[in-house]
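Engineer: If you want the building blocks of each chain, they are given just below.
There are 2 protein chains.
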Amino acid sequence: MSFVDSLLGRPLATSEERAEHIGVAAGIPIFGLDALTSAAYGPEAAMTLLIPLGLAGVHYIVPIITAILILLGIVFFSYRQTIAAYPSGGGSYTVASENLGDGPGLLAAAALMIDYILTAAVGVSAGVEALTSADSKLLPHTLLLCLIVLTVIVIVNLRGVKDTGAAFIAPTFLFVGTLLTLVGVGVFHVITSGGHPVPVLAPPPALPATVKFLGIWLLMKAFSSGCAAMTGVEAVSNGVMAFGEPRSKKAQATLTVIIGILAVLLFGIAYLSRAYHITAMEPDASHYQSVLSILTSAVFGRGWFYYVTMASVFTALALSANTAFADFPRLARAIAAHDYLPHVFLLRGRRLLFSHGVYALTGFTTVILILFDGQTDRLIPLYAIGAFLAFTLSQAGMVVHWKNAEGGYKKHWWHMFVNGFGALATGLTTIVVLIAKFVAGAWVTALLVPVLILIMLGVKRHYTRVKREMKDMTPLNLVNLEPPIVVIPMARWDRITEKAMRFGLLLSKEIKVVHIHSDNEGDEGLEGIWDDKVLTPIRQEGLQEPELVTIPSNFRFVITPLMDYILELEDRNPGRKVAVLLPEMVVRHWWENALHGQRVQLLKLLLLLKGNQRIVVVNIPWYL
Amino acid sequence: MSFVDSLLGRPLATSEERAEHIGVAAGIPIFGLDALTSAAYGPEAAMTLLIPLGLAGVHYIVPIITAILILLGIVFFSYRQTIAAYPSGGGSYTVASENLGDGPGLLAAAALMIDYILTAAVGVSAGVEALTSADSKLLPHTLLLCLIVLTVIVIVNLRGVKDTGAAFIAPTFLFVGTLLTLVGVGVFHVITSGGHPVPVLAPPPALPATVKFLGIWLLMKAFSSGCAAMTGVEAVSNGVMAFGEPRSKKAQATLTVIIGILAVLLFGIAYLSRAYHITAMEPDASHYQSVLSILTSAVFGRGWFYYVTMASVFTALALSANTAFADFPRLARAIAAHDYLPHVFLLRGRRLLFSHGVYALTGFTTVILILFDGQTDRLIPLYAIGAFLAFTLSQAGMVVHWKNAEGGYKKHWWHMFVNGFGALATGLTTIVVLIAKFVAGAWVTALLVPVLILIMLGVKRHYTRVKREMKDMTPLNLVNLEPPIVVIPMARWDRITEKAMRFGLLLSKEIKVVHIHSDNEGDEGLEGIWDDKVLTPIRQEGLQEPELVTIPSNFRFVITPLMDYILELEDRNPGRKVAVLLPEMVVRHWWENALHGQRVQLLKLLLLLKGNQRIVVVNIPWYL
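Protein chains in written order, with our numbering: chain A, 1 to 624; chain B, 1 to 624.
Simulated from the structure, these hints should not be mistaken for lab results.
For every residue, glycine included, the Cβ atom is placed at its ideal position computed from N, Cα and C.
Take these hints with a grain of salt, some might be off.
Said to hold, decoys possible - Computed, partial: chain B to chain A, Cβ under 8 Å:
1. E17
2. V432
3. P475
4. L476
5. L481
6. L505
7. E527
8. G528
9. D532
10. P552
11. A594
12. N612
Claimed, not checked - Now the in silico label distances, taken between C-beta atoms and shown as ranges:
13. V152/B with E282/A: 52 to 62 Å
14. S15/A with Q598/B: 22 to 32 Å
15. P552/B with E98/A: 57 to 67 Å
16. R468/B with I155/A: 20 to 30 Å
17. E541/B with I155/A: 30 to 40 Å
18. Y288/A with K610/B: 53 to 63 Å
19. H517/B with W304/A: 51 to 61 Å
20. E282/A with N554/B: 44 to 54 Å
21. W304/A with V367/B: 25 to 35 Å
22. N612/B with E16/A: 56 to 66 Å
23. K471/B with L605/A: 57 to 67 Å
24. Y623/B with G23/A: 49 to 59 Å
25. N593/B with S15/A: 26 to 36 Å
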């Protein structure tokens, strides 16, 4: 226990919940890392699609990022309102299911679950990829490195929300600090040089242009790819409950800081790329460098600052998976509370978090990492679709929320307008992303969403049936309290079967001792000792005599004739309970189990599977 | 069931045992394949060690094989006597333990078990190696091929002794037929050519000699290696029970035929090798051919007969593993009957054989094949040591047997002499083999034997203790038949807990309903409904009131406080039984298990592990 305690922290009492609540400073690494790190790959994703334009492409990046920033602004104001309206956690699932109904709620739930699982897998593998591209000797160990990073994140998360925030504060602030410095110094150079800065290290020349101008299709694709920069914005609204009071205010402040920094970074990177004439490189080029790497080299050269920046990007990317770990368990809990997922997701673990959600996410992420051998970078475009679907549903839900709120649309027209505009913008974006990325893999998401919804509906159906069958508000029924018929399988007369007989006599007057007699070598049956050992003492006490049932078994089977007898007995005595007493040896060492047949275990299992409400199994343990 | 029936045959009733008995013709493939196929590698094993002598080596092979044949003759006569004296199976284990005591018995048992496991693994891999050396495309699939051959042998064996004999008769007789033809035709050529036969295909030239004459060490090593040809001779004496009456006669006849053929083959191959000036090739030479391949080419050329002979050798080698499958289960049964191995080895399966022995041997063989990646040919020398140790102990035991037999050594002096001489000869050989092969791997056997003996002693100790504790020849004790204290864990009031309450009231008047109350969200406890639903109807019936025990759980644990309560209750009530009633949901589909906590299973396990004789678990199933 001591090892577990020091690894995961001592158990927290339910009353200690308040102490686990976090503030803005811890909220940024916990819920913001996913959003912030998208600054590292969002602009590059858009710029990669501009490569065919050659050097002319640099002129398009600022407008595209500006469009994305406008969308980001809309989403930001929408979620600010949502947080205020849902102080106990306003994730897309909650908002959509409460305002739009179960169907849209499940759609949001499925989209978000896929989004979070992919976020975790992609975050880990992107971080490791950055590491392996720095030292190609590590390349063969990609999968192992991924699993190590995952393990670290899981352990930190299992220590609870507060410890997670504390652990990730430093890398997050280093990442934000270096990138803000890069943008600040870069912009300063641009301004002082009159718009024509001299790069310290010249960026690689742009590839020759293969197209002349930006077509609408290419524009759509570049915009869609750039939208990857917006994933993770949902996180804060889902986790409002993690903040201390005043909850909504702190959550809103956290969201504001995150979006603000993200906007500065995105615009700064786009602006500097144009000023320094930086184009993206083909990802499979021999001397591939990321846009961030080229940009940092251009502004600072390859000094210590370059390496600190790159290291902070690697670390932040690897840890960005943490956002998924912070939110997935809360999402799963919300869904399970509506009976759409197994109820284990409702249980709070030793550190007060919904540990089973962490386990489930770890399992799914591990499976994906192993399936793709740690090469999940191709999945990056896929998860934007889930995020945008959730955005749209959440904001459409908010429109209905305001309409039904006290005062109606007259009082809340402005709120309705903001959320409605947000829903429209993100809805259109969802369609654009789906079309632009369908062949590249969005079809996987489009396929997984209905599958997940079907599973959740099946779970709900099961729980509904169980509740209906189990619910009993009538008082205890004491009619017909008849003792059961007791069945004791007996191979020989020894102390453990004697114990079973004694217990059987307590239970009922009607006892059947069943002996399976196979004409195997040296098996004499029980008749020889029955009168002497059993009947005589029972007659002396004046108790009712148990019946000895000997069943011959020509084929040396034991379980089958026993099962047949019990089922037939139950059939012949309708309304009576049958209690099967199974003596069970409990050995001192696990290996000793191999020295005793496992027939009792098998019989127990079969009685459970083939039995019915009227058959009860009683284990009589015998400690060796 | 139908598929199993057609694969493994219908179940056989115990009364059908006689029909499963075999005759001499079936006995040869079942018990003789291992011995007979050693003709294929025994002479070669000796000749490989003569390579340093160059062409001069051919002169030594006949004397060495003659020495081995003399030893074989001694062993043959010894085992003939053993079979007559032990008509119910006279394996080394039985003979040694009955006459020399438990210690030597266990030594023989351990040696033989290792021998059989290695026989199975080496047989399979030698057969596959012959196949892969014919077509090197198959080489990467060695392990897979080994496992396929093993599967076939296991399935055939699981069909029972009779079917196994029938299946293996054809390949055995083909092997014996082709090799006898080879020897016969070869000897005819030698005689008609006046001792200087002209090979159809000249054997590859002998390597240049590196030593001048045969030193004692080299002679010992060549002799030891050639002794591999004697493994498998034990098999018949172990399996006497498989034969029909007159059992001993049929077993003796089978042994005679097997040894007779083996002697002819061994001597024939040695004689022809000298006549045709055939030397062994280094096994890792580029165009490596086995001695048998060179010999057949020399006598017949590379026509159809060559290929038939080679194919029959491959098949017989692969199937030689079958001898282990015929004998290991009988050996394990004999050891288990003395409580030195788990009792499952005593059970006869659906086809009347000791199936668990087959399973165990299959398991060990698979592990060895996987560990060595199917390259077990280096293990060939190892298993001769086990076989010779068993020979020695068996015959030493027979000496004692005759001495103690009616009439004593005056009447049986000839039997004693034969067995005594056999014991001496094989004992010396054991020492020679152990020394000559110690570094090459016999040390593994020397290490495994004591480990196995320790395991068997541990098993015996366990069974002795259990028998002592369990044995109860006193009649049923009806004193102090007091009803148990019933404990019912209850999370909420529903139909399944109501069922548990009803059953509890049948068991005892003293009922404790335990409710673990964690101050988790929305948990109101049972107090609210307790009076209304439970106490009122019980008071109406005038029954004793159950006690509601509410235990707070600050850390949301459920199992721990429950276990603590039960153990404390048991502690406070010495002499009383505690019956814990555990309601258990039985779902319709396996996946539905994921939707219900597995707390009940965990609690059951813990009660079994931490509980004691006085705690009884009652499963109350509820079928959904």
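Engineer: Each hint should be assessed against the structure and marked as holding or not.
Structural biologist: Evaluation of the provided hints:
{"no.": "1", "hint": "E17", "in the structure": "10 Å, violated"}
{"no.": "2", "hint": "V432", "in the structure": "38 Å, violated"}
{"no.": "3", "hint": "P475", "in the structure": "5 Å, holds"}
{"no.": "4", "hint": "L476", "in the structure": "5 Å, holds"}
{"no.": "5", "hint": "L481", "in the structure": "6 Å, holds"}
{"no.": "6", "hint": "L505", "in the structure": "6 Å, holds"}
{"no.": "7", "hint": "E527", "in the structure": "15 Å, violated"}
{"no.": "8", "hint": "G528", "in the structure": "12 Å, violated"}
{"no.": "9", "hint": "D532", "in the structure": "7 Å, holds"}
{"no.": "10", "hint": "P552", "in the structure": "10 Å, violated"}
{"no.": "11", "hint": "A594", "in the structure": "6 Å, holds"}
{"no.": "12", "hint": "N612", "in the structure": "6 Å, holds"}
{"no.": "13", "hint": "V152/B with E282/A: 52 to 62 Å", "in the structure": "54 Å, holds"}
{"no.": "14", "hint": "S15/A with Q598/B: 22 to 32 Å", "in the structure": "27 Å, holds"}
{"no.": "15", "hint": "P552/B with E98/A: 57 to 67 Å", "in the structure": "33 Å, violated"}
{"no.": "16", "hint": "R468/B with I155/A: 20 to 30 Å", "in the structure": "49 Å, violated"}
{"no.": "17", "hint": "E541/B with I155/A: 30 to 40 Å", "in the structure": "56 Å, violated"}
{"no.": "18", "hint": "Y288/A with K610/B: 53 to 63 Å", "in the structure": "60 Å, holds"}
{"no.": "19", "hint": "H517/B with W304/A: 51 to 61 Å", "in the structure": "59 Å, holds"}
{"no.": "20", "hint": "E282/A with N554/B: 44 to 54 Å", "in the structure": "59 Å, violated"}
{"no.": "21", "hint": "W304/A with V367/B: 25 to 35 Å", "in the structure": "55 Å, violated"}
{"no.": "22", "hint": "N612/B with E16/A: 56 to 66 Å", "in the structure": "36 Å, violated"}
{"no.": "23", "hint": "K471/B with L605/A: 57 to 67 Å", "in the structure": "29 Å, violated"}
{"no.": "24", "hint": "Y623/B with G23/A: 49 to 59 Å", "in the structure": "51 Å, holds"}
{"no.": "25", "hint": "N593/B with S15/A: 26 to 36 Å", "in the structure": "33 Å, holds"}
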